[in-house]
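**Q** Residue-level listing of the chains:
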Amino acid sequence: MNVATLLDSLTVFVLAILLGFEVISKVPATLHTPLMSGTNSIHGIVLVGAIGLAATANNPLAGSLAFVAMAFAGANVVGGYLVTDRMLQMFRRRPTPTTDKAAK
Amino acid sequence: MNATDIGYLVHLAFIAGAALFVMGLHQMNSPATARTGNRVSATGMIIAVVAQLISVTQAGVGPVNWLIIVGGFVVGGGLGLRLARSVAMTAMPQLVSLFNAVGGGAAAVLALNDFIALDGHRVLSGGAPGLDGWRTFFILADVIVGSVTFTGSLVASAKLMGLIRGQPISIPGGRILSWLTVVVGISVSIVLVMAGSGTVSYDVSVLYTLLVVALICALVFGLLMVLPIGGADMPVVISLLNAFTGTAVSMAGFVVGNVILIVAGALVGASGAILTRLMANAMNRSIGNILVGGFGAGEGTQAAAAGTDGTIREVSVDDAAIQLAYASKVIIVPGYGLAVAQAQHGVRELADLLEARGIEVSYAIHPVAGRMPGHMNVLLAEANVPYPQLREMDEINPEFERTDVALVVGANDVTNPASRTDPASPIYGMPILDVDKARSVIVLKRSMGRGYAGIDNPLYLNPKTGMFFADAKKGLAELIGAIKAL
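For the protein sequence lines, the chains are A and B, in the order given. Those letters in the first sequence? Residues 2 to 105, per the working numbering, in order. Those letters in the second sequence? Residues 919 to 1404, per the working numbering, in order.
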């Protein structure tokens, strides 16, 4: 790892953390559970790393590790996004028309 | 198009993916746009994954490697799909914990593999890929943080599922063992980083052994960290582990040199850190204090009837119904007891009934009303409560003074006025919902049992408080029946 790459990465890291603080502090408490499960799916991005690893695995140990990483990251991404979506569709301004209160 | 061009395009796709993550999170600032935001973020994920697949295909992927990629994804993704579809909303904390575990675990595996791929060799001459001090540092940071998250989250998840006791579990000598893993883990890491930078030189087999020692220390530390923490402290623990996962993923980005991992991990880390702080503030406890553990008695603990000095006033169903039915403003204060009794739908039905009589109804939600940040909001949203009625603590507290009836269902410590008045109380200083400022209060509760802090609640002795002793679900059904009969 040369110094230039390290410094570039560090710059990105620090700015991303500050950006994260800025964006996330605006999320209302009502949405904190979906926020957490949403950021959960975002850290499923390790899938990208896992693919890179699986593509270059050339011995049984690396292969097994890659398989584990793929499965973990796959569960993280697929499950995370779906469950967040399922939760967010429940947040409605008005309840579904089981009771008719719009006429009030 | 040559390989270099494709490389550039892949990099651009990663930047686009990272940008979509940020935009998606930004849209989470309102329930109206949050669902779109999640989809924007998912689009970013798809773009990044496709770009990576193109990138590796370009470099050439063997059939066995494809099998690993597709097979691993199908197994994991299928499991994720099943869990996401079937999980009950009350079980969200354990699912999120499980996703923290696999995310942290995957990140740790990436770093382990990187070490193995380089076979522990440091760079001997310029240009050859290998370990150097910094690379070793990030590998170890990733392995350690990822492994702590992995076992810690599994324990948290098992506690929430009730597979292991929710109460704080103290292992004899656990504290000493914890410190031992910290000291050994850090020492070994320092030696490895020195070896990576070429300051010291060891045989490859020694380096592997040291790496395994660091890994075991981290795994054990994760277990020991979460085991002694009580069930009711879970909102803080889950948030903290979420921040850890983000950090681990960022470190993995440094190791494999991928910018989108760094950005995504940093965003998650920031989110986890914010939520951890919010939750700890809402309990008025420092993060260190929670990690030391042993305070929360956990779920399902019903202390013996409180030795109360004053007199409590019991109300009948009919009295409570009349009070509610002729109020003009009612605030419902739900606690985790409501979720345990599965009474979310009952509470919504009652609110609908009151609203139909022209009564203004809202819900006061304390930040730690559930088992993870914002949990109670999701449970009520599932029961079809419209989100504009779900009000945060700071927003609703000034309204209690203008409220005729505050109906407390399954909440205890978060309504305890002793936190404002009694410096000797263990929860002194904890922000609470100012229920006692309402003109009258009805507390729906099974018995006089104490809350998780194990202390008496002077609210129950307040002359304007009426105690309605019943199971939350049954009690609400009785109330609904009584109001309908009026």
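These are computed hints drawn from the structure, not numbers from a lab. Don't take every hint at face value.
[Said to hold, decoys possible] Covered stretches of chain A, as calculated for chain B (at least 3 residues, CB under 8 Å):
(1) 6-14
(2) 28-37
(3) 52-58
(4) 67-81
(5) 84-95
[As the list claims (entries may be wrong)] Between beta-carbon pairs, the in silico distance windows are:
(6) 921(B) x 27(A): 47 to 53 Å
(7) 6(A) x 948(B): 34 to 40 Å
(8) 968(B) x 8(A): 58 to 64 Å
(9) 1379(B) x 16(A): 27 to 33 Å
(10) 1134(B) x 16(A): 34 to 40 Å
(11) 1274(B) x 12(A): 57 to 63 Å
(12) 16(A) x 1387(B): 54 to 60 Å
(13) 1122(B) x 12(A): 20 to 26 Å
Even glycine gets a Cβ: it sits at the ideal position worked out from N, Cα and C.
**Q** Each of the hints needs a verdict: does it hold here or not?
**A** A quick look at each hint next to the structure:
For the region 6-14 of chain A, the assignment as covered by chain B holds, since 5 residues bring a beta-carbon within under 8 Å of that chain's beta-carbons and 3 suffice. For a cut-off of 8 Å, the count of residues in the region 28-37 of chain A with a CB near a CB of chain B stands at 10, and the three-residue condition holds. For a cut-off of 8 Å, the count of residues in the region 52-58 of chain A with a CB near a CB of chain B stands at 7, and the three-residue condition holds. Note: the region 67-81 of chain A has 15 residues with beta-carbon separation from chain B under 8 Å; the three-residue rule is met and the coverage holds.
Counting residues of the region 84-95 of chain A whose CB lies closer than 8 Å to any CB of chain B gives 12, so the stated coverage by that chain holds, three being the minimum. Checked against the hint of 47 to 53 Å, the C-beta distance between residue 921(B) and residue 27(A) comes to roughly 42 Å, which is inconsistent with it. Range check, residue 6(A) to residue 948(B): Cβ separation about 39 Å, and the 34 to 40 Å hint holds. A beta carbon spacing of about 29 Å between residue 968(B) and residue 8(A) contradicts the range 58 to 64 Å that was offered as a hint.
For residue 1379(B) paired with residue 16(A), a C-beta distance near 54 Å fails the hint of 27 to 33 Å. Between residue 1134(B) and residue 16(A) the C-beta distance comes to about 35 Å, which sits within the given range of 34 to 40 Å. One distance hint, 57 to 63 Å for the beta-carbon pair residue 1274(B) and residue 12(A), holds here, with the actual separation near 58 Å. Roughly 56 Å separates the CB atoms of residue 16(A) and residue 1387(B), a value that falls within the hinted 54 to 60 Å.
Judged by the Cβ atoms, the range 20 to 26 Å given for residue 1122(B) and residue 12(A) is violated: they are separated by roughly 34 Å.
Hint compliance for this structure: hints 6, 8, 9 and 13 are broken, all remaining hints hold.
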